[in-house]
Amino acid sequence: MIAAFAVLLARVWGNPIATWWNFRIGPWIDSVEEWIILHRGNHWLFRWGFDPIARWLHNLVQWDLNALHFVTWPGLIALVVVVAARVSGIRAALTAGAAVFVIGGLGVWEPAMVTVALMLVSVAIVLALGLPLGILSARRPAFERRTRVVLDAMQVMPAFCYLLPCVLLFDIGYPPAVVATVIFALPAAIRLTSHGLRGVPDRLMEVGTAHGATARQSLLKIQLPVARPALLLGINQTINLALGIVVIAALVGAEGLGQEVLAGLQHLDVGQAFDAGLAIVAVAIVLDRLTAGRPLRAARKFRRDRTPERARIEMLAGAGAVVIAIVAGKLWSSGAFPTSIDFSLHDPVNRVVEWCRDNLRTGVPIVGGTGSISDFTVIHLLDPIRDFLTQRPWWEVICGVTAVAWITAGRRVAAACAIALLVVTGLHADGSAGGSIWIDTMDTLSQVLVAVVISMLIALPIGIWAGRSERFFAAIRPLLDAMQVMPAFVYLVPVIGLFSVGRVPGIIASVIYALPPGIRLTALGIREVPPETIEAARSNGATKFQILTKVQLPLALRSIMLGLNQTILMVLSVVVIAGLVGGGALGVDVVYGLTKSELGLGVEAGIAIVALAVVLDRMTQAWAVGVRGVAGSTRLRTPPRAIRIGKTKLLDQLETA
Amino acid sequence: MTTTSGTETTTGSLPASEATSADTPTISCRGVWKVFGPHPERVVGSADADLPRAELEARTGCVAAVRDVSFDVAAGRVFVVMGLSGSGKSTLVRCLSRLIEPTAGDVLIDGDDTAHCSAQWLRDLRRDRVSMVFQHFGLLPHRRVLDNVAFGLEVQGKSKSERHARAGDMLDLVGLSGLGDSYPDELSGGMQQRVGLARALANDPEILLFDEPFSALDPLIRRDMQDEVARLQRELKKTVVFITHDLHEALKLGDEIAIMRDGRFVQVGTPEAVVAHPVDDYVRDFVRDVPREHVLTAGGIMRAPVDGEETAGTVTETTLVSDLLPIVVESERPVAVLDGDGRVSGAVDRLIVLRALAEDD
Ligand SMILES: Nc1ncnc2c1ncn2[C@@H]1O[C@H](COP(=O)(O)OP(=O)(O)O)[C@@H](O)[C@H]1O
Ligand SMILES: [Mg+2]
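Chains as they are written, first to last, in the working numbering: chain A, 1 to 657; chain B, 1 to 361.
These aren't lab readings, by the way, just hints derived from the structure by calculation.
Be aware that a few hints might be false.
Below, simulated DSSO-like cross-link-like pairs (lysine-lysine); rule was C-alpha separation at most 30 Å, straight line [as the list claims (entries may be wrong)]:
id	chain 1	residue 1	chain 2	residue 2
1	A	K301	B	K252
2	B	K237	B	K252
3	B	K158	A	K301
With these hints in hand, go ahead and build the complete structure from the sequences.
Encoded structure:
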């Protein structure tokens with residue numbers, strides 16, 4: 001039936017796609033852009049709408065920045081230590097204090113303060129909106145259903161797609177950075193809040209009702225406190241996401257650490273980018289320690305030991321320490337971080353990069369060097385897949401994808417895939433190399449598929465190992481955390497050093513970037529297999545290998561599928577970065593569209609990326625839900641929708657130069 | 001099919017002593033139904049309702065968890081509902097305080113109809129008059145034991161000092177003095193359920209609902225907890241509905257037992273009546289392993305007295321058969337049975353006792 005329908009479509013539209021089948025999104029966007037540029041100064045929409053908001057946001061950030069400067073660096077260290085000690089305990093406090101010190105030592109104190117100020121404002125807004133909306137969507141399924149599409153779109157959309165509209169509406173500087181960050185992190189905040197609240201077991205909520213609690217009492221006395229750990233984790237994640245995007249806000253003229261990384265990238269000065277990247281990790285660590293809270297046991301001990309007198313003494317001591325530190329900072333070199341403290345890694349990093357470039361590109365025994373690996377990948381993997389996809393008539397591809405979706409994921413998913421791909425056929429802007437958006441979409445798809453396969457091939461064994469060995473997992477966890485916080489373009493620099501320019505470095509950067517969720521979710525799935533189940537298998541005489549293949553992997557399959565889903569979305573989110581280093585196709589279209597002010601082209605390419613995301617996301621999510629695993633059977637109940645956590649993190653940066 | 005309608009069975013087998021209390025029963029269920037699924041009201045009372053559950057689900061997409069259940073519980077009595085898992089016990093007990101809204105039927109508490117009443121009225125009912133003890137304890141993990149026990153009082157808006165004092169008393173009552181500062185997960189299962197019990201008692205309700213409170217506990221601890229509940233019940237005289245799937249528990253605690261199957265009451269009666277005269281194979285299966293001599297009483301198995309017969313001694317109607325055995329083993333003569341006022345109301349002899357023990361009707 002699909003085939004018949006498709007042939008009919010093909011008759012109507014022909015191949016290549018008929019010219020009348022065109023949504024004219026690009027031209028429309030371009031005209032909007034023109035209108036905005038013309039009317040920015042005098043139209044009421046700006047005078048009474050966007051401009052006051054922009055001013056307000058700018059003032060907030062500036063105020064924070066002034067406050068940070070006022071406390072000086074010793075004061076800030078003291079403040080961080082005192083707050084972290086109260087919230088998360090002494091050890092966390094020392095780590096956080098050390099991290100602040102390191103930021104100074106890396107020589108990026110000023111830009112780091114800008115980043116922190118942007119973060120404070122953005123996160124405050126995200127939480128002020130996200131927590132109430134999250135509560136609402138946990139308690140009102142209808143609200144959740146209605147907002148789902150909007151949140152999905154916000155999360156899947158590459159940040160580029162709204163970064164530039166933000167600039168158009170809010171002008172350049174802090175305000176578009178804050179707005180883009182809020183748009184980016186808000187869905188996660190809402191979803192994680194709602195997910196945390198829904199995670200509170202019904203039987204506990206019933207206790208409230210059974211005691212005659214009002215809805216409000218149930219929320220305040222049961223649901224929120226029981227969900228507290230999950231909510232804190234959500235806040236933590238939200239902060240991570242926000243940090244990722246604040247960094248790329250460099251592209252719209254918001255200074256900060258992102259600007260440093262970008263500058264390093266533009267001059268191929270890996271050392272500079274590396275220092276700034278480290279500082280970003282340090283900021284992430286500080287923010288994490290400030291919000292992590294104590295582990296359960298320590299928290300209880302803390303609460304039990306804390307008499308009112310002791311609390312008061314701690315308060316006074318903490319406040320005293322901060323004041324003394326501020327005064328000391330004012331007296332000592334007027335508060336600027338002393339240049340004599342310097343542990344920048346600029347020079348050693350640059351030396352390593354140079355050595356690699358000189359020695360590894362060709363002539364390495366057996367593997368032949370990075371150049372040969374790159375050529376091999378292109379000739380034997382990328383090109384065949386791309387040619388296959390681009391040389392097929394468009395309707396064949398759509399039918400194929402839809403049929404696969406129908407068989408593996410059901411009718412609704414198939415319909416979503418078909419519609420998403422049909423939308424792409426209606427985009428007519430000339431893509432890179434004069435090809436249409438459809439051709440570029442297929443090209444990008446080939447790169448995404450290769451990157452995803454490589455990612456999963458690496459993530460699976462590591463994840464399995466991490467799932468089986470507590471020690472290994474503990475060892476790689478900090479690395480995974482760091483990988484997720486580092487802006488993707490920091491990886492890009494050494495990768496270019498090794499592989500020159502082309503599709504392969506883009507793929508490698510995406511693979512590195514997309515590894516953590518695959519590894520994490522695989523490990524998680526394996527760890528969540530109940531020990532009794534494994535014991536039962538062992539008592540039946542199963543070998544370790546049999547336990548792995550017959551018990552752990554099948555039960556972890558659902559989690560692994562979610563990992564696959566996350567991996568795909570991560571890879572898609574760096575498509576634009578791949579475009580920067582020669583990945584071509586949609587990524588280049590977006591970059592070109594934004595830098596050359598051809599917003600129409602950029603937006604059409606962005607829509608195509610979203611369409612790809614819809615297809616791959618829907619399909620893999622349906623697979624994950626269809627699989628029976630540790631998360632239990634889904635019979636009779638609506639399947640829990642996989643929540644997105646990582647996702648389109650720090651996208652991209654954009655070479656404005 | 002021996003299934004009788006709930007209403008008939010209940011009124012038919014009410015023990016005389018209870019039927020005499022003329023005032024309104026504390027809990028009264030009239031034809032209560034609970035059907036889960038789409039358009040549940042269509043199932044109630046229709047021909048579909050009598051279908052086995054798989055067929056009903058296939059035809060209507062509905063699960064009839066409770067079907068036409070009626071019963072009364074008088075003040076201070078313990079009413080036990082027994083049945084296999086999935087027979088609808090939890091649903092039924094939740095209908096009593098409308099934690100689950102019945103699809104049809106009336107639930108009266110002290111004669112007040114709980115249908116059509118305001119949300120506030122229901123809240124007050126749950127705050128002041130009805131408490132529940134849960135199978136999975138339902139303790140709030142983020143609260144200390146003391147604050148868990150005080151939860152109901154907190155919800156009522158009692159002051160901190162007042163509710164802590166009361167919660168402390170409750171902990172003493174259930175034997176957990178001094179553990180108020182612990183967190184629930186630091187206690188053993190048995191202790192956790194004691195906390196659950198203390199919490200249910202804290203607002204001094206007149207009705208206590210237990211939903212398989214001890215199923216999750218080890219057998220030895222379970223027995224302790226049963227003794228504890230029996231002791232508290234002697235002291236506090238609450239009106240209790242107790243759900244269990246353990247017959248020994250039912251016999252130990254219940255003044256009256258209802259056996260539930262597929263949402264219906266198949267038999268309601270005193271422990272002795274259920275053990276002595278199971279109405280069908282389902283009930284018979286339940287009572288098969290019960291040592292009958294520990295449940296059956298002289299009053300339950302006696303025949304009418306014959307004027308002038310010689311007796312080997314006297315026992316009372318409540319004497320257990322296990323205590324009768326040595327007497328009838330000693331003598332072939334019948335034993336006279338005296339009622340509460342000391343008059344002869346019947347007699348038992350060796351044959352009657354043997355038949356009662358062997359009987360498998
Ligand atoms: N919320 C619900 N939705 C659908 N079916 C339910 C729901 N709650 C209980 N049931 C069904 O009703 C029947 C009775 O359940 P329950 O009262 O929990 O039994 P019991 O407590 O005796 O084990 C079961 O078959 C169960 O599947
Ligand atoms: Mg139950």
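Hint-by-hint comparison with the structure:
no.	hint	result
1	K301/A / K252/B	violated (42 Å)
2	K237/B / K252/B	holds (16 Å)
3	K158/B / K301/A	holds (28 Å)
Of the numbered hints given earlier, the model fails hint 1 alone.
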